[in-house]
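Visitor: These are the residues of each chain, in order.
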Amino acid sequence: EPEVTQTPSHQVTQMGQEVILRCVPISNHLYFYWYRQILGQKVEFLVSFYNNEISEKSEIFDDQFSVERPDGSNFTLKIRSTKLEDSAMYFCASSVTVGYDYGYTFGSGTRLTVV
Amino acid sequence: DQQVKQNSPSLSVQEGRISILNCDYTNSMFDYFLWYKKYPAEGPTFLISISSIKDKNEDGRFTVFLNKSAKHLSLHIVPSQPGDSAVYFCAAKPGTASKLTFGTGTRLQVTL
Numbered sequence: 594e595p596e597v598t599q600t601p602s603h604q605v606t607q608m609g610q611e612v613i614l615r616c617v618p619i620s621n622h623l624y625f626y627w628y629r630q631i632l633g634q635k636v637e638f639l640v641s642f643y644n645n646e647i648s649e650k651s652e653i654f655d656d657q658f659s660v661e662r663p664d665g666s667n668f669t670l671k672i673r674s675t676k677l678e679d680s681a682m683y684f685c686a687s688s689v690t691v692g693y694d695y696g697y698t699f700g701s702g703t704r705l706t707v708v
Numbered sequence: 140d141q142q143v144k145q146n147s148p149s150l151s152v153q154e155g156r157i158s159i160l161n162c163d164y165t166n167s168m169f170d171y172f173l174w175y176k177k178y179p180a181e182g183p184t185f186l187i188s189i190s191s192i193k194d195k196n197e198d199g200r201f202t203v204f205l206n207k208s209a210k211h212l213s214l215h216i217v218p219s220q221p222g223d224s225a226v227y228f229c230a231a232k233p234g235t236a237s238k239l240t241f242g243t244g245t246r247l248q249v250t251l
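One line per chain: the protein sequences are R and H, in this order.
Its first residue numbered 594, the first sequence is counted upward by one per residue in the working numbering.
Its first residue numbered 140, the second sequence is counted upward by one per residue in the working numbering.
Please note that a few of the clues may not be correct.
Calculated lysine-lysine pairs in the BS3-like style (CA-CA distance at most 25 Å, straight line) [said to hold, decoys possible]:
#, chain 1, residue 1, chain 2, residue 2
1, R, 635, R, 671
2, H, 210, H, 144
3, H, 195, H, 177
4, R, 650, H, 193
5, H, 238, H, 144
6, H, 207, H, 195
7, R, 635, H, 176
8, H, 177, R, 635
9, H, 193, H, 144
10, R, 676, R, 635
11, H, 193, H, 176
12, H, 238, H, 176
13, H, 210, R, 635
14, R, 650, R, 671
15, H, 193, H, 238
16, H, 144, R, 635
17, H, 207, H, 144
18, H, 210, H, 193
19, H, 195, H, 238
20, H, 144, H, 177
21, H, 210, H, 238
22, H, 238, R, 635
23, H, 210, H, 176
24, H, 238, H, 207
25, H, 177, H, 210
26, R, 635, H, 207
27, H, 238, H, 177
28, R, 650, H, 144
29, R, 671, H, 238
30, H, 177, R, 650
Ranges of calculated distance between the beta carbons of each label pair, as one might list FRET restraints [to be verified]:
#, chain 1, residue 1, chain 2, residue 2, range
31, R, 611, H, 248, 37 to 43 Å
32, R, 695, H, 248, 43 to 49 Å
33, R, 617, H, 144, 30 to 36 Å
34, R, 690, H, 165, 24 to 30 Å
Just so you know, these hints were derived from the structure itself, not from any lab.
Owing to the predicted nature of the structure, the values given are computational and were not obtained by experimental measurement.
Just so you know, even glycine gets a beta-carbon here, dropped at the ideal spot from N, CA and C.
Model the full structure from these sequences, guided by the hints.
Guide: Dropping the structure here:
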């Protein structure tokens, strides 16, 4: 079964450093997303991306965050200057459409630890 | 602002019995609802969904019920199996919007 692949599975970084989280969505999917889950809290939407541009973003997704699809297969999330509160599981997801009767496919996540 | 709420943080059910997980929402714009299952160190896995034009949707052992007037949905798992032990998230969105709003999750433990 097709899957969304995320790398690395765990990243430790120092506060103030830049990190790039990588994702390979399912090949025929057109919509791409980043969500995050701080330990013990709910999964929160960060951003959606379609047709090479951001289609929707949350208030969490401020100027420190950016997304890119640098080639035909990868989808990346960059955090420019990490803060302690950025420590979380980051999930990439993709979908064929945003319509009904379709569930988004999530990757296994990247655990980001900011020290 | 908790637009999607799962008021039971945990639930324990015996193998073979029915598991009922509940979810409430407040946003009237939500008309598509999804249930995800999540194991530790894995991403959420899509289970079943329902749109607001229906009040029930079944897929094998999983059935989702939607009560629009009460803004309430529930996931029934019958019969429950030990492999069903996981955290279950309810999620919702308006129509063709891209953003899913998740609940806080319910940890289901199915005991032998």
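Visitor: Of the numbered hints stated earlier in the document, which are not met by this structure?
Guide: As far as the earlier hints go, 4 and 32 are violated by this structure, in ascending order.
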